[in-house]
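Asker: Position 777 (the sequence shown) corresponds to 777 in the working numbering; numbering is contiguous.
Worth flagging that the hints you see were computed from the coordinates, not collected in a lab.
Be careful, since some hints might not be right.
[As the list claims (entries may be wrong)] Cβ pair distances, simulated, as ranges:
no., residue 1, residue 2, range
1, Leu16, Val402, 28 to 38 Å
2, Lys556, Ser686, 27 to 37 Å
3, Gln553, Phe187, 54 to 64 Å
4, Ile377, Trp199, 29 to 39 Å
5, Val639, Pro388, 17 to 27 Å
6, Ala632, Thr196, 15 to 25 Å
[Unchecked claim] The list that follows gives simulated cross-link-like pairs (lysine to any residue, SDA-like), each with its CA atoms no further than 25 Å apart:
no., residue 1, residue 2
7, Lys117, Trp103
8, Lys355, Val406
9, Lys130, Leu200
10, Lys745, Asp776
11, Lys508, Lys355
Here a beta-carbon is modelled for each residue, glycine too, at the ideal position from N, C-alpha and C.
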Amino acid sequence: MCENSIRMISHRSRLLARLAFGLAIFASAFLLFQVQLLLGKFLLPWFGGTSAIWATCLLFFQVLLLGGYFYAHKISVSWGLRGQGKIHLSFLALSILWIFIAWYFWGSPLLPGPSWKPAPGAAPIAGILKLLLVSIGVPFLLLSSTGPLLQNWYAHLDLGTQKKAPYFLYALSNAGSLLGLLSYPLFLEPAFRLNTQSWLWGIGFGFFALCCAVCAWQAHRSNVGAATGQPIEESLAPAQNRPAASPRRWLWFTLPMLGSVMLLATTNFLTQDVAPIPLLWVVPLCLYLLSFVFTFHGTWYRRGLFHPLFGITALLVILALFQGTDMGVISQTGIFLIFLFAACMVCHGELARTKPGPRHLTSFYLLLSAGGAAGGIFVAIIAPSIFPTFWEYQLGLWAIAVILLVILFLDRESWLHDPKPDLLVPVAFLTVVFAVPKYLAHARIIRIPARVAPAYNVGLGLLIGVCVWLALTGGPNWARSRRYRWYEITSIATFLLLSTALCLHLTKESQHAYRERNFYGAVAVHENWDRDMLHLAYELMHGRITHGIQLTQDRKLPASYYGEGSGAQLALLTNPQRAAGSMRVGAIGLGIGTIASYSRPGDVYRFYEINPAIIRLAQGKGGYFSYLRDAAGRIEIVVGDARLSLEAEAARGDSQKFDVLVVDAFSGDSIPVHLLTKEAMALYLSHLRGPESVIAVHVTNRAIDLDPVLAGLAQTYGLKATLVRAPDRAGIFLQSDFILLTRGKALDTPEIKRAGHPILQDPAHPVPENRIWTDDYSNVVRLLLRVR
Numbered sequence: 001m002c003e004n005s006i007r008m009i010s011h012r013s014r015l016l017a018r019l020a021f022g023l024a025i026f027a028s029a030f031l032l033f034q035v036q037l038l039l040g041k042f043l044l045p046w047f048g049g050t051s052a053i054w055a056t057c058l059l060f061f062q063v064l065l066l067g068g069y070f071y072a073h074k075i076s077v078s079w080g081l082r083g084q085g086k087i088h089l090s091f092l093a094l095s096i097l098w099i100f101i102a103w104y105f106w107g108s109p110l111l112p113g114p115s116w117k118p119a120p121g122a123a124p125i126a127g128i129l130k131l132l133l134v135s136i137g138v139p140f141l142l143l144s145s146t147g148p149l150l151q152n153w154y155a156h157l158d159l160g161t162q163k164k165a166p167y168f169l170y171a172l173s174n175a176g177s178l179l180g181l182l183s184y185p186l187f188l189e190p191a192f193r194l195n196t197q198s199w200l201w202g203i204g205f206g207f208f209a210l211c212c213a214v215c216a217w218q219a220h221r222s223n224v225g226a227a228t229g230q231p232i233e234e235s236l237a238p239a240q241n242r243p244a245a246s247p248r249r250w251l252w253f254t255l256p257m258l259g260s261v262m263l264l265a266t267t268n269f270l271t272q273d274v275a276p277i278p279l280l281w282v283v284p285l286c287l288y289l290l291s292f293v294f295t296f297h298g299t300w301y302r303r304g305l306f307h308p309l310f311g312i313t314a315l316l317v318i319l320a321l322f323q324g325t326d327m328g329v330i331s332q333t334g335i336f337l338i339f340l341f342a343a344c345m346v347c348h349g350e351l352a353r354t355k356p357g358p359r360h361l362t363s364f365y366l367l368l369s370a371g372g373a374a375g376g377i378f379v380a381i382i383a384p385s386i387f388p389t390f391w392e393y394q395l396g397l398w399a400i401a402v403i404l405l406v407i408l409f410l411d412r413e414s415w416l417h418d419p420k421p422d423l424l425v426p427v428a429f430l431t432v433v434f435a436v437p438k439y440l441a442h443a444r445i446i447r448i449p450a451r452v453a454p455a456y457n458v459g460l461g462l463l464i465g466v467c468v469w470l471a472l473t474g475g476p477n478w479a480r481s482r483r484y485r486w487y488e489i490t491s492i493a494t495f496l497l498l499s500t501a502l503c504l505h506l507t508k509e510s511q512h513a514y515r516e517r518n519f520y521g522a523v524a525v526h527e528n529w530d531r532d533m534l535h536l537a538y539e540l541m542h543g544r545i546t547h548g549i550q551l552t553q554d555r556k557l558p559a560s561y562y563g564e565g566s567g568a569q570l571a572l573l574t575n576p577q578r579a580a581g582s583m584r585v586g587a588i589g590l591g592i593g594t595i596a597s598y599s600r601p602g603d604v605y606r607f608y609e610i611n612p613a614i615i616r617l618a619q620g621k622g623g624y625f626s627y628l629r630d631a632a633g634r635i636e637i638v639v640g641d642a643r644l645s646l647e648a649e650a651a652r653g654d655s656q657k658f659d660v661l662v663v664d665a666f667s668g669d670s671i672p673v674h675l676l677t678k679e680a681m682a683l684y685l686s687h688l689r690g691p692e693s694v695i696a697v698h699v700t701n702r703a704i705d706l707d708p709v710l711a712g713l714a715q716t717y718g719l720k721a722t723l724v725r726a727p728d729r730a731g732i733f734l735q736s737d738f739i740l741l742t743r744g745k746a747l748d749t750p751e752i753k754r755a756g757h758p759i760l761q762d763p764a765h766p767v768p769e770n771r772i773w774t775d776d777y778s779n780v781v782r783l784l785l786r787v788r
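Between the sequences and the hints, there should be enough to build the whole structure, so can you do that?
Answerer: What follows is the structure in structure tokens.
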């Protein structure tokens with residue numbers, strides 16, 4: 001009776017221990033990814049709202065993840081489980097103390113106070129890394145070490161289970177990561193303000209600490225490894241403790257590095273053309289994590305499926321790169337995301353084929369994390385300093401193709417060395433490659449030139465016919481001979497096709513008069529003729545979006561988005577102050593300084609610009625643009641984030657008393673969320689001269705309809721709001737949408753009434769408070785794809 005009771009208690013304690021391990025690993029992964037998104041969003045308005053902020057955040061988190069894995073590996077090979085339990089409990093106490101100190105000084109367990117805002121001109125990467133370190137450094141290090149460390153403990157503790165291999169805990173960790181990622185943009189971000197989110201995260205960390213303490217106590221009271229410090233590895237069977245082969249370790253580093261490069265490069269591509277928001281951070285990261293889940297499951301990764309998918313989607317990506325902005329946002333985004341998933345499945349699938357047993361678990365995680373961190377360092381720090389534009393994406397694509405070919409050639413059991421080659425495989429692949437452009441042309445995504453369309457259709461028909469014949473008959477006997485090596489020929493031909501297409505694309509990208517890249521993006525200048533080939537102009541590109549055009553002959557003529565009939569022109573020329581005397585005009589975002597062409601003697605035009613490369617070009621570097629030099633009025637340029645600069649001026653009591661304030665601070669096609677919030681609008685209003693002053697907001701965008709945002713802000717502050725749309729003319733005067741806002745009657749002029757129309761909703765049905773953006777809340781997801 002007594003013996004049965006003891007067994008029952010022992011069984012119950014083991015169940016509770018296993019539950020604690022599962023909950024601790026799940027909670028650590030959930031909190032790990034939640035805090036990345038939370039802090040990334042918090043830092044956006046402090047550093048200009050660019051896509052590089054998230055890349056820098058990911059770099060920090062990957063490096064700390066490496067630190068956590070190194071800590072887990074080091075104590076695993078240096079201490080017994082009892083010693084590890086003591087050390088981990090100490091770090092747990094330090095993490096909780098860290099969070100309490102943050103709460104005491106900042107009033108929040110995570111978010112730094114206003115005194116930590118960066119000074120104008122401060123190095124952005126160093127500033128972001130410093131803020132992340134002081135806000136989450138030690139707790140994140142502890143969270144990142146939990147997965148490998150607790151899996152290692154679980155593998156060596158006697159918890160009454162036959163499932164010694166802890167990879168099912170790895171799957172549980174990935175499930176927590178995915179839930180943490182998806183729940184943030186879909187639930188937490190729309191429902192709670194940032195400060196509330198930080199408190200919820202702190203409560204979650206307390207729950208994790210409790211579960212982790214139970215696990216550490218189990219390790220402390222175990223008998224595996226001597227309490228005096230004997231490492232676990234020495235207590236294992238020698239046959240199970242042999243080191244892994246060096247080539248395998250090399251793959252443990254290289255494959256995760258390439259997966260990380262593609263993750264960050266893809267995210268940069270997406271966020272520079274839409275918005276640097278958590279949703280567009282989450283989707284690529286979810287695909288990245290799903291590839292780990294599927295490949296480490298052991299049955300999902302099939303070379304015969306994902307290798308062809310990688311090749312076909314890679315060719316689609318290159319086609320999308322050639323098309324540029326001519327291809328729709330949905331099509332481009334879909335192609336980039338499908339390719340990212342295929343590339344990550346290939347990298348992580350080949351990685352999973354080399355995974356070790358539990359004895360080398362921590363070293364495997366350490367090298368995997370080191371590769372991920374190396375990829376982050378390359379994309380966030382090295383690539384911007386050596387490439388004039390986002391070439392790391394193309395380089396990552398090509399490198400994965402190279403290493404995949406090497407792996408297949410070295411693996412004698414791969415499909416590449418199939419002793420029974422089938423001619424149908426290369427012909428079918430070639431047919432698919434040729435059919436893709438036809439499908440895209442049918443979907444009106446691309447256009448096949450009329451002069452080649454007949455021959456193209458005939459060739460595609462012949463290929464389809466050959467495929468059918470080979471499938472039915474198997475082809476001629478001579479084609480089945482091993483000496484023809486059809487699989488090798490297909491692989492090498494695909495690689496050569498990819499390499500040639502990439503070289504052609506990079507050559508095209510290099511044909512610009514000027515290129516420069518920094519933290520705030522890639523800018524380029526190239527020559528551009530109008531549609532009638534009558535006027536030559538220089539065009540400033542930020543990413544793949546035009547940000548200014550100036551004719552080489554009539555250099556004082558305002559072009560691009562600020563030409564005749566544009567909302568900015570009407571706001572400037574019809575303002576009552578223009579007839580009364582000199583004007584003060586503010587501009588958030590410099591571009592090439594086009595609106596300076598409207599200045600008169602006595603006028604003051606004050607520009608706020610964060611990107612030093614843009615400032616140098618607008619001031620005349622290279623002789624491409626001269627709007628600022630040719631301006632009749634006085635030009636002032638304030639370097640730094642416009643929001644922070646205006647806040648500093650307001651704090652000094654230095655109201656700028658603008659008659660017109662133009663807000664146009666897009667990076668690529670990415671919207672600056674922090675410049676369109678309730679607090680930002682209050683700041684703009686405080687810098688206006690009076691009720692007849694006008695705020696002109698540039699809202700032209702391929703992916704997001706910003707009208708509801710401005711309508712809500714206008715309703716909140718009792719403003720009149722009018723949308724003015726100017727059509728595209730000759731490719732020099734671009735289609736533009738401006739929303740003009742004022743408290744007075746400045747929008748009642750005949751010119752504005754003819755060109756625009758009010759956007760305010762029925763006052764009887766006001767915009768709900770939770771639809772209005774604030775510094776703590778924004779929901780870009782609601783506006784995605786609502787393009788006019």
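Asker: Decide if the proposed pair is consistent with the structure: Lys508 and Lys355, CA atoms, cutoff 25 Å inclusive.
Answerer: Judged against 25 Å, a Cα distance of about 41 Å means the pair is violated.
Asker: Compare the distance between the alpha carbons of Lys117 and Trp103 with 25 Å, and conclude whether the hinted pair is satisfied.
Answerer: Distance of about 17 Å is within 25 Å: holds.
Asker: Can you let me know if the beta-carbon spacing of Val639 and Pro388 is within 17 to 27 Å?
Answerer: holds, 22 Å
Asker: Does the Cβ pair Ile377, Trp199 satisfy 29 to 39 Å?
Answerer: holds, 33 Å
Asker: Next pair to validate is Lys355 with Val406; report whether the Cα-Cα distance is within 25 Å.
Answerer: It holds: about 18 Å lies between the C-alpha atoms, which stays within 25 Å.
Asker: Please check whether Gln553 and Phe187 have a Cβ separation lying inside 54 to 64 Å.
Answerer: For Phe187 against Gln553, whose Cβ atoms are near 56 Å apart, the range 54 to 64 Å holds.
Asker: Cβ-Cβ distance between Leu16 and Val402: within 28 to 38 Å?
Answerer: violated, 50 Å
Asker: Is Lys745 within 25 Å of Asp776, Cα to Cα?
Answerer: Violated, because 32 Å separates the two Cα atoms, which is more than 25 Å.
Asker: Measuring from beta carbon to beta carbon, are Lys556 and Ser686 in 27 to 37 Å?
Answerer: For Ser686 against Lys556, whose Cβ atoms are near 33 Å apart, the range 27 to 37 Å holds.
Asker: Can you tell me whether the CB distance of Ala632 to Thr196 sits inside 15 to 25 Å?
Answerer: With a Cβ separation near 51 Å, Ala632 and Thr196 fall outside 15 to 25 Å, so the hint is violated.
Asker: Does Leu200 lie within 25 Å of Lys130 when you go C-alpha to C-alpha?
Answerer: Distance ~23 Å between Lys130 and Leu200 Cα, so the pair holds.
When the structure is compared with the earlier hints, violations turn up for hints 1, 6, 10, 11 and for no others.
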